[in-house]
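> Sequence:
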Amino acid sequence: MKTILPYQGWALINPADMVGQNLWVSFMQLLPYMLQTGILILFAVLFCWVSAGFWTALMGFLQLLMGRDKYSISASTVGDEPLNPAHRTALIMPICNEDVDRVFAGLRATWESVKATGQQQHFDVYILSDSYNPDICVAEQKAWMELIAEVQGEGQIFYRRRRRRVKRKSGNIDDFCRRWGSQYSYMVVLDADSVMSGECLTGLVRLMEANPNAGIIQSSPRASGMDTLYARCQQFATRVYGPLFTAGLHFWQLGESHYWGHNAIIRVKPFIEHCALAPLPGEGSFAGSILSHDFVKLR
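First residue of the sequence shown? That's 1 in the UniProt record's numbering, and the numbers climb one at a time after it.
Derived from the structure by calculation, the hints contain no laboratory data. Warning: the hint list may mix true and false statements.
Dumping the calculated DSS-like pairs for lysine-lysine here, alpha-carbon to alpha-carbon at most 30 Å [stated by the list, open to error]: (1) LYS269 - LYS167; (2) LYS115 - LYS269; (3) LYS167 - LYS142; (4) LYS115 - LYS142.
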């Protein structure tokens with residue numbers, strides 16, 4: 001038994017030799033095999049994630065290389081169709097005690113880009129505040145009034161702060177839908193740090209017009225404006241292989257996908273009718289009100 005090397009297999013272990021040994025000696029002889037088995041199991045589980053990423057990127061690369069995907073929703077529009085004036089779009093940004101300067105700088109960039117397309121008459125902006133810090137609330141209202149004055153956004157850029165912060169982000173969006181949702185055919189949900197180009201927004205509206213059965217069309221967000229070395233590496237990575245993964249996900253899911261919670265256009269009427277989020281039953285972290293429509297998050 002002492003001559004068995006650590007890399008030799010289970011077949012070389014003689015159970016008869018182990019009978020005469022004490023338990024500790026037998027355990028120490030079997031320990032390397034137990035560790036190897038555990039490592040192998042962990043490797044197999046973790047490698048599944050790596051393998052899924054590889055095949056997703058590979059299929060995305062092939063799709064982009066061939067330049068065709070019969071399930072591609074972007075093929076349904078040429079990109080220059082006039083927007084239907086009867087179908088208006090709301091850009092909504094739920095916020096809660098966010099960096100005011102950052103929020104309104106992003107909104108300014110987004111709105112100025114929309115104006116550059118000449119299609120701003122089809123869009124309105126709603127800042128949906130759940131902030132409860134008095135200083136931040138005052139700063140938000142001041143920044144909102146300054147933004148309206150500087151971009152001539154009277155009657156198109158609105159600010160609302162809830163007094164009762166029910167159900168957090170999902171409740172914030174729900175409140176918008178109840179109050180103003182009937183005025184709009186589509187809405188685009190923005191994160192507090194979101195910046196979207198006017199070309200992207202008008203393109204999403206055209207895709208909705210060309211695909212009346214589509215409920216949500218998700219854009220592919222990219223990181224920008226990062227400061228730290230790690231964040232800059234992440235930003236570079238999303239720029240390089242982000243299109244590959246997006247095309248790969250589109251290939252595997254045959255044009256379907258999940259909603260990431262922001263930077264997507266949503267058809268308002270079916271959203272109101274079918275997407276109310278009931279509280280989860282039970283107790284603990286996975287019970288109670290759902291915080292967002294993208295994933296069930298911990299409270």
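> Hint numbers the structure violates, sorted upward?
none
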